[in-house]
Each structure stands twice: as C-alpha cells, then as structure tokens.
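Using the hints provided, position chain E relative to the given structure of chain S.
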Amino acid sequence: MKNSTGKKISRRFYGHGIPGVKPEDLAGKLIVVEGADGSGRSTQIARLVEWLETCGHATVQVGLKRSTLVSEELDKAQAGNILSRSTLSLFYATDFADQLENTMLPALRAGFIVLADRYIYTLMARDMVRGMNSAWLKNLYGIALEPDAVFYLSVEAQELVQRNLAKSATLDYWESGMDLGLSRDVFDSFLKYQTAMQMAFRQLQKTYGFTIMDGNRSVDSVTKELRKKIGALLAGE
Amino acid sequence: MKTFAELNFPGRLIAVEGLDGSGKSTQIYLLKRWLEAEGIKVYFSEWNSSELVKSATSKGKKRELLTPTTFSLIHATDFADRYERHLLPLLRAGYVVLCDRYIFTAFARDVTRGCPPDWVRGLYNFAAQPDLTFFFKADLEVSLQRILDGRPKLKFFEAGMDLRLSTDPYESFRIFQGRILEQYMAMSGEFKFMVMDANQHVEKQQALVRKLIAEKIDLKKFKRRSPLPLPPAVQPDAKTVETGEEVTA
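Chains S and E supply the protein sequences, listed in that same order. Going by this note's numbering, the first residue of the first sequence is number 214, and it counts up by one from there. Going by this note's numbering, the first residue of the second sequence is number 2, and it counts up by one from there.
Bound conformation, chain S alone (with noise of 0.2 angstroms):
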C-alpha cells in the first residue's frame, strides 16, 4: 500500500491484529481477489499462481471455509441452515482467524505471497446485506491484515446469472441470498442479492479502498491486467 505521495506505508493491521505479532516481520505480500461466483476469481488465482511460481515466487492459496478447526462444522451449519446471523459471521469470522494466524501469517513471514481467493470484504459485505451493524463488523475483523493489494472483480448480476448457469445449470442457495426471503423465486432473488452485494463492496471500497475491475471482460485480458499491476506491486513501483 502506498499513500498519495508515493511513499510505502508500513504493513499493517486493520484494528489491534493478532496479539504478539508484529506487522515488520510480515516480509512477504498479501495479494486479494474478490469477487461473486462466476466472476472468474478462482480461475485468475489459478492463473497467477503458474504466473508467479513461473517467475520463482513462493505461493500460498487461502480462501474462505478452508480452516482446519471449523470448515467443517460451518458446511455443516450452513446445509442445515440452522445458524442465525450472528453466529454464522462469527464462525466465518473464526475460521478466517484460523487461517490467518495458521496459514498467512507464517508464509508471510516466510517471504512467500499469500493469494487469498476472498478475504474479510466478502464476509462483511454479506453481513451488510443482512443488516449487520457496520461498527460491530469493523471492530471483530479488527485482527486482519492490511494486504498488499485487493482486486474485486466487478461483474453485472445478470451476467453472474449466466455463467453460474453455464457452469452449473443451478444457482446456489447461499449465493442467492435465499436466506434473506427477498423472493421465493431463487432466479429473482439470485439478482436482487448480488446486486446488493455489489452496492455493499462499492461502500467498503470507499472504506477499504481495493481496486475495483471490470470482470464482463475475457478472461485473458483480466489476467493481463492483474499480471501488470501485481508486476509494479513486486517490483515495488
């Protein structure tokens, strides 16, 4: 990250961090791609891990519901869909501490980037959708890091709708925001929630600040753009 100047700011975390670790030591990068399903996010991250790999950096992928200490429960949670809202943020919230203080912060440490296929944006951005209070939200991701750099890839629902389709030929519950009642029928309430979504990643923006991309494009030339701007970041431009 850098301000207006030019000048790199130091690493840091979003609130008080992780107790006893110490944002210097953090040698490596935190690269983050946001975005909907279908919006290409996995395929880019497999892109530019063989880009980067290629080129002789270390790499770590991270993504949501990947900890060792509760993916399971919350696949579990979340196909019963028993959990309320409060509790489901907060085992999201768990899981991502897990792998930060786990996975993240050790490679980080180690030099290694870190490619996180969605980070606490998408987390908080869906609790928004759900009318979570904004401040209670800020201060629980508080243990973040700051990363190096964070793409959202911006894609129209309604194209969503078509390549979730194309991949699938169904559209998922949660990605639906089915839970939220906006329409019975989860076609209808696949647009109004990822539109939702849209507003709310465009009011983090303002906060959080990432880079917001165009993602209608061909893949090839996201990938090309991604590859530029993840090139200045390394090459400390």
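No lab work stands behind these hints: they were computed from the structure. One or more of the hints may lead you astray.
Partner residues are not named here, just some residues of chain E that face chain S (Cβ under 10 angstroms, in silico) [said to hold, decoys possible]:
| hint | residue |
| --- | --- |
| 1 | S50 |
| 2 | S51 |
| 3 | F80 |
| 4 | A81 |
| 5 | G115 |
| 6 | R122 |
No farther apart than 20 angstroms at their CA atoms in a straight line, the calculated lysine to any residue pairs in the SDA-like style are these [as the list claims (entries may be wrong)]:
| hint | chain 1 | residue 1 | chain 2 | residue 2 |
| --- | --- | --- | --- | --- |
| 7 | E | K63 | S | T281 |
| 8 | E | K55 | S | Q291 |
| 9 | E | K55 | S | A290 |
| 10 | E | K60 | S | S284 |
| 11 | E | K62 | S | T281 |
| 12 | S | K289 | E | K60 |
| 13 | E | K60 | S | E285 |
| 14 | S | K289 | E | L53 |
| 15 | S | K289 | E | S50 |
| 16 | E | K55 | S | R279 |
| 17 | E | K156 | E | G179 |
| 18 | S | K351 | E | P117 |
| 19 | E | K60 | S | D288 |
These numbers were taken from a predicted model, which means no experiment stands behind them. Glycine included, C-beta positions come from ideal geometry on N, C-alpha and C.
Below, chain E alone, put in the same frame as chain S:
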C-alpha cells in the same frame, strides 16, 4: 448496555459467574430445582454447549489448535448460537433463563489470554446484560483445591498452558486462575455483580441466592399457567422388586 428487563423482555436472565471450583454450578442447579418446583418457566443454558460449535471447539482443544484469537472467536460463536436460537426466543416467551457463565467469562478469560478488552467486549455487544449476575467468590486456594481434588489431570487450555506461564500444569493453572479472578473483580462494580461468599456452606449460599432473587424478581409473573402434571406412576415389575437393591426416596 441494558438488561432484558430494561429492554422490555417479558423474561428474565440470571447468570452465575466464578472460577472453576467456586461452586457456581451447584448453586445454579439448586436454583433451577427451586424455580421448577415453584412452577416457574425456567431454562438452563451452559457455557460452551451449542451442539454444532462444540465439535469444532473440542477438536481445537484436543489438537491444541486454538490461539487466543480463535479461542475467543469460537466461544463467541458458541454463545451467539445459544443466544439467538434459545435465549432470545425463551426470554420473549417469558422464561426465567439461567446461565452458567455469561459474557463476563469471555471478558475475563480472553483478556487474560492477551486479547484486547475493547475487541472482546465489541464481539459480545449484541448481547443484553443479565437482570441479575451472581459472582461466586471463593478464596483462590479453595477453588484450586476443589478442582485439583476432583480431577487430578488438568486439560491444556483449562490450565492456561497455551500462555506458557509455567511448564507445570498445576502451577500454570494457579497463575491463570489468579489472573482471571483479578479480571473478574475489576469488572465487578461495572456490571453490578452480586458477590457471594463461596467459602460458606452450600445451603447457606443457596438460601441467600433464593432470597435475593425473590426480592428482585416478581416470580409469580413467570409461572406456568397450570402446574406441570406429574408423570404417571410406573408400576415396578415384580422381578425388579425382588432382586433390586433398596431404593430410597
């Protein structure tokens, strides 16, 4: 932060807090028995008991995967689950809810583990304050002795071994519990703990607890409309009577 009564909930929440071995669980159990016998709608909820979250917590504890941050978050998750799914609906339905440990346990423990107090309190700020909080304060040595007598093998997190206070679990447990007690006492006034002398006899303490509750809460408002019917009498079969041991009432 407001109490459930101040928030106009029809129900009331009574919490007990204290160190392991302070006798608080015994007291809340006796309290529950009394309220049930009085025909009060009562529900009991225990710290760290949400079915779903518990499996993750116990895995984390067994494999020693938990850090102060994840320890704090997973307990907050457990609490939120019980709060949203059980406590809130019951309190809206006019129950007297008894909690063996409430948010103050997290405030004391997580801060002792090194989490910032503001962050921990922020996590739990969706929860209202109990209408009454009893803090069972026993001498540290008394609490320690009760635990150490009953369960000679201390668990890793229970003993605060993750804090590296001492390589000896017993010594670690003593230091850890001592620090938790300090945290509790520091917040006692702020949250209006009713501090009970837990060195006293069980019966004496219980009599006082019941008296205090009867003074502060108009219990007849929380009665079931009709008394619970007694279960039908079971006829013991002949064989059991012949071979069974003496049964006391």
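Do the numbers back the hint for E/F80, that is, is its least Cβ distance to chain S under 10 angstroms? Where the cut-off is 10 angstroms and the nearest Cβ of chain S is about 8 angstroms from E/F80, the hint holds.
Between S/K289 and E/K60, does the CA-CA distance stay at or below 20 angstroms? 15 angstroms, holds
Agreement of S/K351 and E/P117 with the hint, judged by alpha carbon distance not exceeding 20 angstroms: 15 angstroms, holds
With the threshold set at 20 angstroms, check whether the alpha-carbon distance from E/K60 to S/E285 stays at or below it. 11 angstroms, holds
What's the verdict on E/K55 and S/A290, does the C-alpha distance respect the 20 angstroms limit or exceed it? Satisfied, since the Cα-Cα distance of roughly 12 angstroms is no more than 20 angstroms.
Quick one, are E/K60 and S/S284 close enough, alpha carbons at most 20 angstroms? The given pair, whose Cα atoms are some 12 angstroms apart, holds under the 20 angstroms limit.
Holds or violated: E/K55 to S/Q291, with C-alpha atoms at most 20 angstroms apart: Between E/K55 and S/Q291 the Cα gap is close to 16 angstroms, so the pair holds against 20 angstroms.
For the pair we were handed, E/K63 and S/T281, check the Cα-Cα distance against 20 angstroms. Since the Cα atoms of E/K63 and S/T281 sit roughly 13 angstroms apart, the hinted pair holds (cutoff 20 angstroms).
Given the hint that E/K62 pairs with S/T281, test it: the Cα-Cα distance must not exceed 20 angstroms. 12 angstroms, holds
Starting from E/K55, check that the Cα of S/R279 is at most 20 angstroms away, please. Roughly 18 angstroms separates the two Cα atoms, so the pair holds.
For the pair we were handed, S/K289 and E/L53, check the Cα-Cα distance against 20 angstroms. 8 angstroms, holds
Residue hint E/R122, partner chain S, criterion CB-CB below 10 angstroms: 9 angstroms, holds
Violated hint for the displayed structure: number 1, the only one.
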